[in-house]
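Please model the complete structure; the sequences and the hints are all you need to start from.
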Amino acid sequence: MTPKRRQRLLALLGLVVLAALAVGLTGYALRSNINLFFTPSQIADGEAPVGRQIRAGGMVEKGSVVRDADSLDVRFTVTDFDSTLEITYSGILPDLFREGQGVVVVGKLADDGVLHADQVLAKHDEKYMPPEVGDALEAAGKLPAGYGSGQ
Amino acid sequence: MLPRLIPELGHFALILALGMALIQAVVPLAGAATRRPLWMAYARPMALGQFVFLLIAFFTLMASFLLDDFSVAYVADNANSMLPWYYKATAVWGSHEGSVLLWCLMLGGWSFAVSRFSRRLPRDMLARVLGVMGAVSSGFLLFVLLTSNPFARLLPDVPGEGADLNPLLQDVGLIIHPPMLYMGYVGFSVVFAFAIAALLEGRIDAAWTRWARPWTNVAWAFLTVGIALGSWWAYYELGWGGWWFWDPVENASLLPWLAGTALMHSLAVTEKRGSFKNWTALLAIFTFSLSLLGTFLVRSGVLTSVHAFANDPARGTFILVLLGLTVGVSLLIFALRAPRVAHATAFGWPSRDALLLINNILLVIMTVTVLLGTVYPLILDALNLGKISVGPPYFNTLFVPLTALLCLFMGLGPLARWKRMPGRELWRRLAVAGLGALVLGALAPLIYHGRWDPWVSLGLVLALWLVLSLARDLLDKLRQARSPATGLRRLTPAYWGMLLGHLGLAVTLVGVTVVSNYNVERNVRLAVGEQVEVAGYTFAMRSLGKRRGPNFVADVATIAVSHAGDAPFIMRPEKRVYLARRMPMTDVALSPGLWRDLYVAMGEDLGDGAWALRIQYKPFVRWLWLGALLMAAGGVLAVADRRYRRGKARASRPAGVEEVNA
Numbered sequence: 000m001t002p003k004r005r006q007r008l009l010a011l012l013g014l015v016v017l018a019a020l021a022v023g024l025t026g027y028a029l030r031s032n033i034n035l036f037f038t039p040s041q042i043a044d045g046e047a048p049v050g051r052q053i054r055a056g057g058m059v060e061k062g063s064v065v066r067d068a069d070s071l072d073v074r075f076t077v078t079d080f081d082s083t084l085e086i087t088y089s090g091i092l093p094d095l096f097r098e099g100q101g102v103v104v105v106g107k108l109a110d111d112g113v114l115h116a117d118q119v120l121a122k123h124d125e126k127y128m129p130p131e132v133g134d135a136l137e138a139a140g141k142l143p144a145g146y147g148s149g150q
Numbered sequence: 000m001l002p003r004l005i006p007e008l009g010h011f012a013l014i015l016a017l018g019m020a021l022i023q024a025v026v027p028l029a030g031a032a033t034r035r036p037l038w039m040a041y042a043r044p045m046a047l048g049q050f051v052f053l054l055i056a057f058f059t060l061m062a063s064f065l066l067d068d069f070s071v072a073y074v075a076d077n078a079n080s081m082l083p084w085y086y087k088a089t090a091v092w093g094s095h096e097g098s099v100l101l102w103c104l105m106l107g108g109w110s111f112a113v114s115r116f117s118r119r120l121p122r123d124m125l126a127r128v129l130g131v132m133g134a135v136s137s138g139f140l141l142f143v144l145l146t147s148n149p150f151a152r153l154l155p156d157v158p159g160e161g162a163d164l165n166p167l168l169q170d171v172g173l174i175i176h177p178p179m180l181y182m183g184y185v186g187f188s189v190v191f192a193f194a195i196a197a198l199l200e201g202r203i204d205a206a207w208t209r210w211a212r213p214w215t216n217v218a219w220a221f222l223t224v225g226i227a228l229g230s231w232w233a234y235y236e237l238g239w240g241g242w243w244f245w246d247p248v249e250n251a252s253l254l255p256w257l258a259g260t261a262l263m264h265s266l267a268v269t270e271k272r273g274s275f276k277n278w279t280a281l282l283a284i285f286t287f288s289l290s291l292l293g294t295f296l297v298r299s300g301v302l303t304s305v306h307a308f309a310n311d312p313a314r315g316t317f318i319l320v321l322l323g324l325t326v327g328v329s330l331l332i333f334a335l336r337a338p339r340v341a342h343a344t345a346f347g348w349p350s351r352d353a354l355l356l357i358n359n360i361l362l363v364i365m366t367v368t369v370l371l372g373t374v375y376p377l378i379l380d381a382l383n384l385g386k387i388s389v390g391p392p393y394f395n396t397l398f399v400p401l402t403a404l405l406c407l408f409m410g411l412g413p414l415a416r417w418k419r420m421p422g423r424e425l426w427r428r429l430a431v432a433g434l435g436a437l438v439l440g441a442l443a444p445l446i447y448h449g450r451w452d453p454w455v456s457l458g459l460v461l462a463l464w465l466v467l468s469l470a471r472d473l474l475d476k477l478r479q480a481r482s483p484a485t486g487l488r489r490l491t492p493a494y495w496g497m498l499l500g501h502l503g504l505a506v507t508l509v510g511v512t513v514v515s516n517y518n519v520e521r522n523v524r525l526a527v528g529e530q531v532e533v534a535g536y537t538f539a540m541r542s543l544g545k546r547r548g549p550n551f552v553a554d555v556a557t558i559a560v561s562h563a564g565d566a567p568f569i570m571r572p573e574k575r576v577y578l579a580r581r582m583p584m585t586d587v588a589l590s591p592g593l594w595r596d597l598y599v600a601m602g603e604d605l606g607d608g609a610w611a612l613r614i615q616y617k618p619f620v621r622w623l624w625l626g627a628l629l630m631a632a633g634g635v636l637a638v639a640d641r642r643y644r645r646g647k648a649r650a651s652r653p654a655g656v657e658e659v660n661a
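Protein sequence lines correspond, in order, to chains A and B. Once you know that position 124 of the first sequence is 123 in numbering that gives the first Met the number 0, the rest is easy, because the numbers rise by one and skip nothing. Once you know that position 455 of the second sequence is 454 in numbering that gives the first Met the number 0, the rest is easy, because the numbers rise by one and skip nothing.
In short, the hints are calculated from the structure, not lab data. Just so you know, these numbers come straight off a predicted model, no measurement behind them. Among the clues, some could well be false.
[Stated by the list, open to error] With a straight-line cut-off of 27 Å between C-alpha atoms, the simulated BS3-like cross-links for lysine-lysine are:
#	chain 1	residue 1	chain 2	residue 2
1	A	Lys-61	A	Lys-107
2	B	Lys-418	B	Lys-476
3	B	Lys-418	A	Lys-3
4	A	Lys-3	B	Lys-271
5	B	Lys-386	A	Lys-107
6	B	Lys-476	B	Lys-271
7	B	Lys-386	B	Lys-271
This is the structure we're talking about:
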């Protein structure tokens, strides 16, 4: 093997090892960090995994927000006008969190069907509905008037 | 009468600019292909004319904003008569139409700059470069005129009042963030045009890289500053103290940055060693394509974020077609022409060539992983395979080890010699730096925090490794000279640029490491007269009040902060409600410092005079942005190097004979 060929072979091997490493890491990282989105109906039907991080969303039900008197704990329910999902959260809700508005939460479902959220996302636009929520509501034919599809 | 016609003037100017861009695209390229000097000579005046008319269009839109002309739909949607004048002026790029206009203006500006500063370029090269830029410009001007006309009128029902600028965007960070970012995005069009021109000509040589490098550096520096500003803006404006969210929109700006960083380094190899030519051209194409992809992601409405204004599917389709055409045509040219410019130069291991190759491979892998994490959910969604989101853990899992590897080799690079360097010599020069970094980095968390932490140590070891190896290199260079003074004088701006750039990364690395691991955050319920302690600081709520601003009303909390016997100081976070949109906004109170930031944001009114407060102690957070500024300064400083200003006659002199440079 000429030195030039050996050099090429080494470079190629290095490349393959690096690429394999990257692919392996990517696959691993993607598998363990994808958050699937579920609607309250899907969760009610038991489609969502318990104890794994998921995303869920819907409209916050009017009058459902209950704050704890001396901590930052808060409970509320979201609905897709078919089923409802109870959510607990501890911390500060986003500026645009409102009853009757769409939100997306990220958290883990407990055995009793309550979702413990680590993150509550609301958008800086009062007409905004998270696209997942909008699509899900539209598919169920329950999109409230005044909201465009996916918007 | 005249003020009412201003938007039409802008519209006409935009159409004229498109006409000139089309001529600039077609005539000089045809002239270069058929060797007609007269046709090639069209390039420069057209670049000038296009820029002038774009300036007119841009400033007429600004005038419409300043004059509260709500008959213009874009003005009515994004301004309000109560808005302060400086936000009216900058609201021009506060939403979709205007920001694409700004994009075009900057492209026109870069074309003009190329035509102005590249007089020494051979005539057909200049014609081709400007021709390619004209083609890109035509595409974007068509996009503006056909799908996002900022001058569209609301006639005859002119609204009496505008809907106001999104309050999130009423901020000094926004005034400068988009222009900087766009300067970077668009700036990469120059090196892209240079690459296409060189491929068309079938020649990439040292002279070509000397023309292309300064443009790449400047664009890269702008992009660096733009990204840093975006991170800084998110930090204090969004009210929860994060500085990087791995949000698809942030990733969209990181992608061309990573590719551009690889490009800068591969250009260095092409200039000094004449190798990596095809690779450099390909990277130039990819960097600009990723800029376009970023524009597509942000502007098409496929992502939902503060940045995604447009939800008109026609716009998304148009940019996607534009992106497809650019990538397709340039890759076709590459495929046809690349074999002509190929040139291999042998090099051994270890050598600077090999290390830069590793740098490029790692940066490309990083780009690909970020790209994958960003577009994977979009592709699944488009194929109706389910809605997923890829969270920050994905990016962190991949980015941390890759960055660690990158830094490891980055410490070796500047000390290694081109072509071949005995491993023993490299080891001899770097053993002290390596050991020093290991020991200091391992001990630092113990001294700083009293407890060892592997992640903090890893970050600090890498940062110290970068700094110490650079210091060693500088020291060696000064020792070789007769006296340190002559040694200093002999160092070129390019070398200082490299030094600053690498140092900047080390500084950012320290910031990321420390703030990620030692950040203290507490969400508390606080009423007047109560106090809470966070990270050794006592926060006492003195009073709650109300305040009226130009276009908002606010609840203001007055909080006295005291720390270990120092005199207490006051922080005043606000919760604002913007009147036109009835939109609440958190205005954060910051106590900035080089070593730590204190961060207080108001959450919600909990009743009974109590508020939810988010209080954070963020050590070293400023280092993040300081490092980015150093990197950008390094990129600009390198442009000042003498070799980029040499005339054509001297350009043929062999480079690097007596120079000590990067």
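27 Å limit on alpha-carbon distance, applied to hinted pair Lys-386/B and Lys-271/B:
violated, 48 Å
Check the hint pairing Lys-386/B with Lys-107/A against an upper bound of 27 Å on the C-alpha distance.
Given pair Lys-386/B, Lys-107/A holds - Cα atoms ~17 Å apart, limit 27 Å.
Do the alpha carbons of Lys-476/B and Lys-271/B lie within 27 Å of each other, as the hint requires? holds, 19 Å
Can you confirm whether the C-alpha distance between Lys-418/B and Lys-476/B stays at or below 27 Å?
holds, 19 Å
Discussion item. Against the 27 Å threshold, does the CA-CA distance of Lys-418/B and Lys-3/A hold or violate the hint?
Written reply: Between Lys-418/B and Lys-3/A the Cα gap is close to 13 Å, so the pair holds against 27 Å.
query: If you draw a straight line from the CA of Lys-3/A to the CA of Lys-271/B, is it 27 Å or shorter?
result: Given that 27 Å is the threshold and the Cα spacing comes to 21 Å, the pair holds.
Check: Keeping to a limit of 27 Å between CA atoms, is the pair of Lys-61/A and Lys-107/A held or broken?
Finding: holds, 23 Å
Consistency with the previously given hints fails for number 7 only.
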